[in-house]
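Peer 1: Chain residues, written in single-letter form:
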Amino acid sequence: MSNPSKEWGVNPPRTELTRRGFMTRVAGAGAAVALSGVPVQGWTQDKPAAKPPTDPPGTVPNPGVMAEKVPEMQAHSERPLTGSVPAEHHNYAVTPNDRMFIRNNHLTPDLDAGKHRLTVKGLVDRELAYSVDELRKSFKVVTTQAMLECAGSGRASFVPRPSGTPWSPTGGMGCPRWTGVRLRDVLAAAGVKAGAVHVAGQGGDFGVVATAAPVIRSIPMAKAMEEHTLIAWDMNEKPLPKVHGYPLRLMVPGWVGSASTKWLHTLTVLDAPFKGTYMDGSYRIPRVPVKPGEKMPPDAVITEAWPVKSMITHPAPDATVKLGRPVLIEGRAWVGEGAVDRVDLSFNEGASWQPAAINTGGDKYAWRIFSFEYVPKTPGYVTVLARARDDKGSLQPIVSTWNPLGYFWNGIHRVGFVVEA
Amino acid sequence: MTGVTSEGFCWLTGILAAASLVAVALAQDAEPSKTLIPGKGSDLATARCATCHDAQHITRAKLSRGEWEYNIRNMIERGAPIAPGEIPVILEYLATYYNRDSPAPAPDPSAAGFGMDAGGGDPVQQLLNANACAACHTLDKRVVGPSFREFAAKYAGDGEAPAKLARKIKDGGSGTWGSVPMPPNAAISETDLGQIVGWILQQR
Chain A
1 MSNPSKEWGV NPPRTELTRR GFMTRVAGAG AAVALSGVPV QGWTQDKPAA
51 KPPTDPPGTV PNPGVMAEKV PEMQAHSERP LTGSVPAEHH NYAVTPNDRM
101 FIRNNHLTPD LDAGKHRLTV KGLVDRELAY SVDELRKSFK VVTTQAMLEC
151 AGSGRASFVP RPSGTPWSPT GGMGCPRWTG VRLRDVLAAA GVKAGAVHVA
201 GQGGDFGVVA TAAPVIRSIP MAKAMEEHTL IAWDMNEKPL PKVHGYPLRL
251 MVPGWVGSAS TKWLHTLTVL DAPFKGTYMD GSYRIPRVPV KPGEKMPPDA
301 VITEAWPVKS MITHPAPDAT VKLGRPVLIE GRAWVGEGAV DRVDLSFNEG
351 ASWQPAAINT GGDKYAWRIF SFEYVPKTPG YVTVLARARD DKGSLQPIVS
401 TWNPLGYFWN GIHRVGFVVE A
Chain B
422 MTGVTSEGFC WLTGILAAAS LVAVALAQDA EPSKTLIPGK GSDLATARCA
472 TCHDAQHITR AKLSRGEWEY NIRNMIERGA PIAPGEIPVI LEYLATYYNR
522 DSPAPAPDPS AAGFGMDAGG GDPVQQLLNA NACAACHTLD KRVVGPSFRE
572 FAAKYAGDGE APAKLARKIK DGGSGTWGSV PMPPNAAISE TDLGQIVGWI
622 LQQR
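Taken in sequence, the protein lines are chains A and B. The first sequence: position 399 = 399 (the working numbering), numbered continuously. The working numbering runs 421 ahead of the 1-based position in the second sequence.
Watch out, some of these pointers could steer you wrong.
Said to hold, decoys possible - Computed footprint of chain A on chain B, listed as stretches where at least three residues anywhere in the stretch have a Cβ under 8 angstroms from a Cβ of chain A:
(1) 475 to 486
(2) 555 to 567
(3) 574 to 582
It should be emphasised that the hints constitute simulated quantities derived from the structure, not laboratory data. Note that CB positions come from ideal geometry on N, CA and C, so glycine has one too.
Put together the whole structure using the sequences plus the hints.
Peer 2: Given below as structure tokens:
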């Protein structure tokens, strides 16, 4: 039985599609046994589940993707593939590649870096095309640690639960080091014309049906010209794993993950935001909050920078600690634009708060590590809550504003552990 | 206080009933079904959605009718091969069986079929649905791929038609009917394949 109090507002469905499910498929020697052969209950027993089409040519099958991940990675859906590790498995200063979350819109394309080209077109003086090597040789190569978080990270905490990947409160994010060239340098080489407003990135991923819309998302020129916005090819000093965009992706730090187009092959400079389903149908929130359960109102805006957020990475939920022996409470705090300036902890369900130590150094868009030495003075169950504040004075809320597609959950994280005498 | 979760509200006011919270947790942790509840429109919903998604995208969800409507429109924008006439059928099904505002009625397998041909209990139709053929092919209209009647007409009088068609279905390919690729179906059983091929070639 799960412990409902260890993370309130949160019941991530961890049973549905685990790594074991994928390994079954691997063990099945390529036969698509996992989904089609699943025993189902009661009245559905004699009706077969719809069989997924076999992975088409030019794609990396899910078991291949998951084989590169730690066993703690929980898949939330198989088609499209999504997965993440829970907060207690994020206790790393830099998110390792095998713990970085997965969020595909389509299949994982198996692209050839040698043949891959990035085209820059639209409102530019010269249309350009680069191979990965040409990008490396033509522009200053930079590395920065930066946050990437899916817009829907934490969706499972919203009540009622909106449709979409049921990310746990701290699922769907990570903070690796990215290496590549600045988007602004590449745009400068192409010569941005007057009237440029947005830059759209297009990815090379494709769906099972040929009608599947290409993934295209645009960002404002100001963010495109920001020095930390990269066209990246390395993640933690290694070539991007295929599921993370190999061989090239955009890295639009601090913003919702959909802005950081994976498998990037085309950049188009536009005189207006791109019109398409990944701009106008998804990744939107109402301008004015709506009643929970209502559908998206016409007056909605595209999601951009994440609000301030934090998570407790140690101890793990339900961990056991010793009475009188100091415990280092650890966590991470971040904000899409700006800086985290304070993290407070509460050991009495929010009745009072005390400041944690934060490391304020590090790259602009990297998360901040906070810590607090806690000495348990009484035995029994203890909870810790973490609440971050940014330099504009915004605090994490108790519960985030409900919105129809379940974006921007940044409610206070809470973990319970047991003090043994 | 809109936007406050039931759990959060309990916590805030300190009137938490532990037992009810456990019940909520159990209900949400239950494994969502991997098939849709049979009922009017369920086969159509399966055929149109299951090409790209596991059924749990639907079975774990409880949405309002308005949210389902938005969801379907969004999926069509993303390329789901759903014909305009099918939208109300799918919406009605989802809003009936997966609605947070009203409990799902009893399963109705007799109403699950959809109009490939008359008769909801047709075994070939069930195969076409279960293998997601119907996501791209219909009896008489070109949707994503050619209609079954076009196949039957093309192979008329060709003695090797059953073998050729069976190989196409199993291995997939492109070029015969245009550039849109037919995905392979390597896992299909020979019995099912034979039944589907035999049926297609009769549709003239």
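Peer 1: Could you run down the list of hints and mark each one as holding or not?
Peer 2: Do the hints match the structure? See the list:
no.	hint	result
1	475 to 486	holds (count 9)
2	555 to 567	holds (count 3)
3	574 to 582	violated (count 0)
The structure fails hint 3 only (numbered hints given earlier).
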